[in-house]
Amino acid sequence: MAAHLKKRVCEEFTKVVQQQQKEIATKKLRLTKPTPSPADALQYLLEFPRKPVEAESAEGVVRILLEHCYKENDPSVRLKIASLLGLLSKPAGFSPECIMDDAINILQNEKSPHRYVSWCKK
0 MAAHLKKRVC
10 EEFTKVVQQQ
20 QKEIATKKLR
30 LTKPTPSPAD
40 ALQYLLEFPR
50 KPVEAESAEG
60 VVRILLEHCY
70 KENDPSVRLK
80 IASLLGLLSK
90 PAGFSPECIM
100 DDAINILQNE
110 KSPHRYVSWC
120 KK
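Numbering follows numbering that gives the first Met the number 0, in which position 47 of the sequence shown is assigned residue number 46; successive positions increment by one, without gaps.
For the record, the hints were derived by calculation from the structure and aren't laboratory data.
Since no wrong hints were added, every one of them can be taken at face value.
Heads up, simulated DSBU-like pairs for lysine-lysine below, C-alpha to C-alpha not over 30 Å straight-line:
no. : residue 1 : residue 2
1   : Lys70     : Lys50
2   : Lys89     : Lys70
3   : Lys50     : Lys89
If you're wondering where the values come from, they're calculated on a predicted model, not measured in any experiment.
With the hints as extra help, turn the sequences into a complete structure.
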């Protein structure tokens, strides 16, 4: 009887059980910078006119501001960017014709009450 039990135990341990391994979907890790709040962006834009900008770098600054304006959802930040575009077009040696179409497009697409306030201040 002991031989029979030993044989049975050996059979159980020598059986090969094949289990299909499930492929686990790998998670992709994305590192992103936290987006600043509209209040932070507005605070930075309010401090921007105090810093001098050279005429040579003004066009690059204008392009960066235009990119942020198209991405921004807050109307007060977009309005401040539009006013900064006007300030940046004033230095000698900068031709505002290169940004005129973009600035007009920004103001025409604005659907907030800030648009009308900005036109009334002129």
